[in-house]
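Student: Can you build the whole structure from these sequences, using the hints too?
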Amino acid sequence: MSKMTTSPKMYKRPLRAMERRKVEAAANKDPDNRPLTTQDLRRMKRTPQVKIIRALGLSQDEFAARYQIPIGTLRDWEQGRATPDQAARAYLTVIARDPEAVRKALSPSRQPSP
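397 is the number that my numbering gives to position 66 of the sequence shown; each next residue is one higher, with no gaps.
Below, a list of computed lysine to aspartate or glutamate pairs in the EDC-like style, where the Cα atoms sit at most 20 Å apart:
1. Lys382 with Asp429
2. Lys435 with Glu393
3. Lys360 with Asp371
4. Lys382 with Asp416
5. Lys435 with Asp392
6. Lys382 with Asp392
7. Lys382 with Asp407
8. Lys382 with Glu409
9. Lys382 with Glu393
10. Lys382 with Glu431
11. Lys360 with Glu350
12. Lys353 with Asp363
Simulated restraints on C-beta separations:
13. Gln391 with Arg365: 34 to 40 Å
14. Thr368 with Ser390: 37 to 43 Å
15. Pro366 with Ser390: 33 to 39 Å
Hints were generated in silico from the structure; no laboratory data involved.
These figures come from a predicted structure and were not determined experimentally.
Built from N, CA and C at the ideal position, the CB exists for glycine as well.
Tutor: In structure tokens:
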């Protein structure tokens, strides 16, 4: 049996980028994976991805507690068992755009001492 070896130079060679029109032509030839049309994109819902938003470095428990979301609901969203409703999507969008402002808004307010 012959042993296949790969030259170390093979891995050091830079990849050449394909021209955009060649990429599109190749994609259009694949019947199982055609690019989305403008009509397809309009029809699709844009839902904030909870896992991406949670990439603030918080665990599920910390994120759920900080933003007052039931942990079971958060897990269902992340695992695709449930989809956030319109109000929840709006809330997630606000968290994604300004997480610190939401945290401050939800923290107990301090009453000045008399």
